[in-house]
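Here are the chains, one letter per residue:
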Amino acid sequence: DGGITQSPKYLFRKEGQNVTLSCEQNLNHDAMYWYRQDPGQGLRLIYYSQIVNDFQKGDIAEGYSVSREKKESFPLTVTSAQKNPTAFYLCASSIYDQPQHFGDGTRLSIL
Amino acid sequence: AQSVTQLGSHVSVSEGALVLLRCNYSSSVPPYLFWYVQYPNQGLQLLLKYTSAATLVKGINGFEAEFKKSETSFHLTKPSAHMSDAAEYFCAVSVGKAAGNKLTFGGGTRVLVKP
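Read top to bottom, the protein sequences are chains A and B.
Be aware that the first sequence starts at 1, since it is given in this note's numbering, and climbs by one per residue.
Be aware that the second sequence starts at 1, since it is given in this note's numbering, and climbs by one per residue.
Some clues are possibly wrong.
Some residues of chain A that are not near chain B, with every Cβ distance over 10 Å (derived) [claimed, not checked]:
#1 G16
#2 V52
#3 A61
Negatives, chain A to chain B, calculated, CB over 12 Å [stated by the list, open to error]:
#4 L43
#5 S67
#6 E69
Capping the alpha-carbon separation at 30 Å, the derived lysine-lysine pairs in DSS-like fashion look like this [unchecked claim]:
#7 A:K9 <-> B:K49
#8 A:K83 <-> B:K102
#9 A:K71 <-> B:K69
#10 B:K69 <-> B:K58
#11 A:K57 <-> B:K58
#12 B:K49 <-> A:K71
#13 A:K70 <-> B:K102
#14 B:K68 <-> B:K49
Calculated directly from the structure, the hints in this document are not laboratory data.
Even glycine gets a Cβ: it sits at the ideal position worked out from N, Cα and C.
One chain only, chain A, in its complex shape (with noise of 0.2 Å):
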């Protein structure tokens, strides 16, 4: 069946220290994307991306950066320059008349 799959599901940074968090999809959609998710707070965009090399900022992207080497697949790095990442990230992919379809997400917490 297509996809999207988020991985890690938990995944722990040290202070200081880089993390990725892997988002693949087999839905063959050209756009996907990365939001943060906080309590009560809604979905807030990352980062975005319609085309393979190809990516644009969203509404909170200091400390996150992201690549798009291939259509399938949107990783997104968080670097120690974002002070506050314990959240819930979900990654989403669309094609263009179709609603975004979500990952089952990655809980990042700090150690």
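Fit chain B to the supplied structure of chain A, relying on the hints for placement.
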């Protein structure tokens, strides 16, 4: 810029009672509107979408929503709540010319269903 407001971060309903979740949006162009549901530690699942066709939209699990342009609202309803409806619900508006473009989300409404 588009924005979405969900009135009430928590709603408590009795099993069998009406579920009403409120969503108001602001948009400078005709919007695409969505309701998503999230169960604990899971991603978001699409309940229904409005894409400028019928103003009353029916979705999965017995939910429906009505688009009211004059009120800039897209409230979600279900006539009879079931225990399995306990979840968090998000209203979202699409930025751009197509349903698959960037989404702006409301803050979410958590629904508790009492037996």
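Hint-by-hint comparison with the structure:
Residue-level check passed: A:G16 sits 28 Å from the nearest beta carbon of chain B, beyond 10 Å. The Cβ of A:V52 lies farther than 10 Å from every Cβ of chain B, with a closest approach of about 16 Å, so its non-interface assignment holds. With a cut of 10 Å on Cβ distances, A:A61 stays outside the contact zone with chain B, its closest approach being about 13 Å. Non-interface status of A:L43 relative to chain B is broken: a Cβ of that chain comes within 12 Å, the nearest being about 4 Å off.
Listed as a non-interface residue, A:S67 keeps its Cβ farther than 12 Å from every Cβ of chain B; the least gap is roughly 19 Å. Interface exclusion of A:E69 from chain B stands, the closest Cβ pair being 22 Å apart, more than 12 Å. Distance restraint check for A:K9 and B:K49: the Cα-Cα separation of roughly 28 Å lies within the 30 Å cut-off, and the hinted pair is therefore satisfied. In summary, the hint linking A:K83 to B:K102 is supported, as the alpha carbons are separated by about 26 Å, within the 30 Å threshold.
Annotation: proposed proximity of A:K71 to B:K69 is violated, straight-line Cα distance about 37 Å (limit 30 Å). Of the pairs offered as hints, the one joining B:K69 and B:K58 holds, with about 17 Å between alpha carbons and a cut-off of 30 Å not exceeded. A C-alpha spacing of about 34 Å is found between A:K57 and B:K58, which places the hinted pair above 30 Å, so the restraint is violated. For a cut-off of 30 Å, the pair hint linking B:K49 to A:K71 stands: about 26 Å separates their Cα positions.
The straight-line distance between the Cα atoms of A:K70 and B:K102 is roughly 20 Å, inside the 30 Å bound, and the hint therefore holds. Among the hinted pairs, B:K68 with B:K49 is consistent with the structure: their alpha-carbon atoms are about 14 Å apart, no more than 30 Å.
Checked against the numbered hints above, the structure violates hints 4, 9, 11; every other hint is satisfied.
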